[in-house]
Amino acid sequence: MSAQHLRSPRRDATTAPPADGGHGRPTEREAAAGSAHRLLTGWGGTAPTGARVLRPGTRAQAAAAVRACGARGSIARGLGRAYGDAAQNAGGTVVDTTALDRVLAIDAVGGTVTCEAGVSLHRLMTVLLPLGWFVPVTPGTRYVTVGGAIGADIHGKNHHVSGSFTRHVRGLELLTADGEVRTVPRGSELFDATAGGMGLTGLVLSATVDLLPVETSLMSVDTERLPDLDSLLATLTATDDRYRYSVAWIDLLARGTAAGRAVLTRGDHAPAAALEGKGRTARAARREPLAFRPGQLPPAPRAVPGGLLRGATVGAFNRLYYHKAPRRRTDELQRLSAFFHPLDGLPHWNRVYGRAGFVQWQCVVPEDADDALRRVVRLLSRRSCPSFLAVLKRFGAGDPGWLSFPARGWTLALDIPASLPGLGDFLDLLDEEVAVAGGRLYLAKDARMRPELLRAMYPRLDDFRALRARLDPRGVFTSDLARRLAL
Amino acid sequence: MKDAFGSPQSVLVLGGTSEIALATVRRFLARRTRTVWLAGRPGPRLDAAAAGLRDEAAAHGAQVGVRTVPFDALAPETHEEVLEKVFAEGDIDLVLVAFGVLGDQTADEHDPMAAVHVTRTNYTGAVSAGLVCANALRAQGHGSLVVLSSVAGERARRANFIYGSSKAGLDAFTQGLGDALHGSGVHVLVVRPGFVHTRMTEGRPPAPLATTPGAVADAIVHGVRRRSRTVWVPAALGPVMSVLRHLPRPLFRRLPG
Numbered sequence: 001m002s003a004q005h006l007r008s009p010r011r012d013a014t015t016a017p018p019a020d021g022g023h024g025r026p027t028e029r030e031a032a033a034g035s036a037h038r039l040l041t042g043w044g045g046t047a048p049t050g051a052r053v054l055r056p057g058t059r060a061q062a063a064a065a066v067r068a069c070g071a072r073g074s075i076a077r078g079l080g081r082a083y084g085d086a087a088q089n090a091g092g093t094v095v096d097t098t099a100l101d102r103v104l105a106i107d108a109v110g111g112t113v114t115c116e117a118g119v120s121l122h123r124l125m126t127v128l129l130p131l132g133w134f135v136p137v138t139p140g141t142r143y144v145t146v147g148g149a150i151g152a153d154i155h156g157k158n159h160h161v162s163g164s165f166t167r168h169v170r171g172l173e174l175l176t177a178d179g180e181v182r183t184v185p186r187g188s189e190l191f192d193a194t195a196g197g198m199g200l201t202g203l204v205l206s207a208t209v210d211l212l213p214v215e216t217s218l219m220s221v222d223t224e225r226l227p228d229l230d231s232l233l234a235t236l237t238a239t240d241d242r243y244r245y246s247v248a249w250i251d252l253l254a255r256g257t258a259a260g261r262a263v264l265t266r267g268d269h270a271p272a273a274a275l276e277g278k279g280r281t282a283r284a285a286r287r288e289p290l291a292f293r294p295g296q297l298p299p300a301p302r303a304v305p306g307g308l309l310r311g312a313t314v315g316a317f318n319r320l321y322y323h324k325a326p327r328r329r330t331d332e333l334q335r336l337s338a339f340f341h342p343l344d345g346l347p348h349w350n351r352v353y354g355r356a357g358f359v360q361w362q363c364v365v366p367e368d369a370d371d372a373l374r375r376v377v378r379l380l381s382r383r384s385c386p387s388f389l390a391v392l393k394r395f396g397a398g399d400p401g402w403l404s405f406p407a408r409g410w411t412l413a414l415d416i417p418a419s420l421p422g423l424g425d426f427l428d429l430l431d432e433e434v435a436v437a438g439g440r441l442y443l444a445k446d447a448r449m450r451p452e453l454l455r456a457m458y459p460r461l462d463d464f465r466a467l468r469a470r471l472d473p474r475g476v477f478t479s480d481l482a483r484r485l486a487l
Numbered sequence: 001m002k003d004a005f006g007s008p009q010s011v012l013v014l015g016g017t018s019e020i021a022l023a024t025v026r027r028f029l030a031r032r033t034r035t036v037w038l039a040g041r042p043g044p045r046l047d048a049a050a051a052g053l054r055d056e057a058a059a060h061g062a063q064v065g066v067r068t069v070p071f072d073a074l075a076p077e078t079h080e081e082v083l084e085k086v087f088a089e090g091d092i093d094l095v096l097v098a099f100g101v102l103g104d105q106t107a108d109e110h111d112p113m114a115a116v117h118v119t120r121t122n123y124t125g126a127v128s129a130g131l132v133c134a135n136a137l138r139a140q141g142h143g144s145l146v147v148l149s150s151v152a153g154e155r156a157r158r159a160n161f162i163y164g165s166s167k168a169g170l171d172a173f174t175q176g177l178g179d180a181l182h183g184s185g186v187h188v189l190v191v192r193p194g195f196v197h198t199r200m201t202e203g204r205p206p207a208p209l210a211t212t213p214g215a216v217a218d219a220i221v222h223g224v225r226r227r228s229r230t231v232w233v234p235a236a237l238g239p240v241m242s243v244l245r246h247l248p249r250p251l252f253r254r255l256p257g
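Chains as they are written, first to last, in UniProt numbering: chain A, 1 to 487; chain B, 1 to 257.
Where hints are given, some of them may not hold.
[Unchecked claim] Label-pair distances were calculated between CB atoms; the ranges are:
no.: 1; chain 1: B; residue 1: L255; chain 2: A; residue 2: P298; range: 29 to 37 Å
no.: 2; chain 1: A; residue 1: D371; chain 2: B; residue 2: H222; range: 34 to 42 Å
no.: 3; chain 1: A; residue 1: T313; chain 2: B; residue 2: G214; range: 27 to 35 Å
no.: 4; chain 1: B; residue 1: T201; chain 2: A; residue 2: G422; range: 26 to 34 Å
no.: 5; chain 1: B; residue 1: G90; chain 2: A; residue 2: P298; range: 40 to 48 Å
no.: 6; chain 1: A; residue 1: A68; chain 2: B; residue 2: D111; range: 55 to 63 Å
[Stated by the list, open to error] Pulled from the structure, derived: some chain A residues nowhere near chain B, Cβ distances all over 12 Å:
no.: 7; residue: T46
no.: 8; residue: A71
no.: 9; residue: E215
no.: 10; residue: A254
no.: 11; residue: P459
no.: 12; residue: L461
By construction, these hints were calculated from the structure, which means they are not laboratory data. In this text the structure is predicted, and so the values were computed from the model without any measurement. Glycine is no exception: its CB is placed at the ideal position from the N, C-alpha and C atoms.
With the hints as extra help, turn the sequences into a complete structure.
The structure is reproduced here in structure tokens:
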């Protein structure tokens, strides 16, 4: 397949929600000059800062943008789905990579794709599924770029089987601070620093990714309801290995012994044989087993009154969601987008949190530190944190990236309206529990952690700092996150 | 950098002995602040303020650098040099413009130079320092500029119109500056306290809705977190003043105090 016709039309941006947090737009004059001063936030919409945004369309333009970044440095930004301040750079340059969007080569026999950093996973799925291939790891949204997936070393529901995204990256091309383009193979020191390195080792230009063969674009899903946290953890420990994908939604607003009750969904790609069945989904899929046409609602409105998400409304939602779920159901066929990316159906869903935005909090604690997990869940339940997107998952072995987040154990992710009174101190308390238990927080989601905790959470932090000092002594690559946490 | 809740890591106070400012910094120290600059007239009061903050930080077990820098509101020609040195040492996440004098209205009405001293401190000094800081903040693309205005600037009263007019000028200046910085990443907050029990007002009869430095500090922390443009302290002063502002002059003139 030639690379030429795989290039997405320039107007592709209309199907994908825009990359910014909904703030300033460039004026026409600035856009014509290829740069614009804009206010940027992460997906959570907190802590906006101003930066010059450049959107290079070629690697030469990307190199020029980085070269001209000035004293306050530059950072790459893809589709802006990191929740915190990882892809913003106050007073400096932000390199919007979404025009570096060429799929360069597909090996439809061996199962690899080489593409530029700004290609989204949505685009890869659109291109690859008809060929019988799927991305090796997908997070809860398809609207992340390959560059971002490497920088945050994202994980998905298959981490316990497949590890993080960069485990499946064979190699990448990295534009480093000295202006060189380096070929970085998996296993090298620079690769491990770049995997999860939050874009601070350089600008990823392209990457080669191993793919997963699939027979259909449907998922075969088992769902079960578990009445409390203990039974959830026991079930995950006992039977998770039988499934490629597994995640639990948990109810943090349930009180007492019900705290942490869960709806567990696990599954795998449906084999072609599964389409022989009777259901409507199976019948429809028989004609076109690899079709990929995710639906989308109109975007959430721009102005949403704050305070919509309170304990009472979210509590009611959670009760409904829990009781609506089947006690136990097996081999249900689901569309891929419904299984992996339910929120992508509502573009700009982050707006429901209003102007104040929200924070994501995701931790992992070691497998034997389930007591810490129980304490965290108890604290959240007692505090009645209005969180309707709390998920729990069992991670497999940790990944080689120096600042990669996953580690064998339990990961809990939730989002909370940023306007909740006293939230800052409360989350600090949770952080302490996590740090004491030997766990860590996910940098791609963080917008508020105490910098002092970082070293305990990421033992290779000093190596990372040393490598950056060597590779980038002038700080060509930096970000608000890097400044806030002194990465 | 400020975190998701607007907690700054570094703070610069202009008027480093202001009780309101120190109460505000103490609240930030309990969160994320690890660098504090106190700018003010050098002397034992400034040193004591810095020492107090260091003790406070030690109580939280945090590594905090508290430094003082000589700053004179009445010497606007020095502001650029003095303040740029501070910014050159690293980003400042929040600047708090807290200096000001009350003057003595009755005496000052017969001593024009004393009246000018009030306006030069409260207005002219803040204009020059405010602009220097605003430009530095704009260059770094983030930060909050918090300016202590006063309810007295909302409508000049017979009893304190010299002070009131200086605050009115400062308030108007700060609002305009906020609009000028809109979209730059820099947030400007105008704080309008009523009567605050401080050294400055000691011995004066408190006005209705009198408040404390701690309450003003809480309002500032909240305003920075919400990225508000204006906060009144107490909040009830907002609606009260919008009524008073529209009172007919003959009536307004007869109000007590």
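Evaluated hints:
1. The given range of 29 to 37 Å is broken by B/L255 and A/P298, whose C-beta atoms sit roughly 54 Å from each other.
2. Under the hint 34 to 42 Å, the C-beta atoms of A/D371 and B/H222, about 36 Å apart, fit the expected range.
3. Between A/T313 and B/G214 the C-beta distance comes to about 34 Å, which sits within the given range of 27 to 35 Å.
4. The beta-carbon spacing between B/T201 and A/G422, approximately 31 Å, falls within the hinted interval of 26 to 34 Å.
5. Our hint of 40 to 48 Å for B/G90 and A/P298 holds, since their Cβ atoms are close to 45 Å apart.
6. With their beta carbons about 57 Å apart, A/A68 and B/D111 fall inside the hinted range of 55 to 63 Å.
7. In this structure A/T46 is not separated from chain B by more than 12 Å, as the shortest Cβ-Cβ distance comes to only about 4 Å.
8. Look at A/A71: its CB is around 9 Å from the nearest CB on chain B, not clear of 12 Å, so calling it non-interface is violated.
9. The non-interface label for A/E215 is consistent with chain B: the shortest C-beta to C-beta separation is roughly 43 Å, beyond 12 Å.
10. At roughly 26 Å from the closest C-beta of chain B, the C-beta of A/A254 stays outside 12 Å, upholding its exclusion from the interface.
11. For A/P459, the non-interface assignment is confirmed: its Cβ lies about 21 Å from the closest Cβ of chain B, beyond the 12 Å cut-off.
12. The beta carbon of A/L461 sits about 17 Å from the closest Cβ of chain B, which is more than 12 Å, so the claim that it is off the interface holds.
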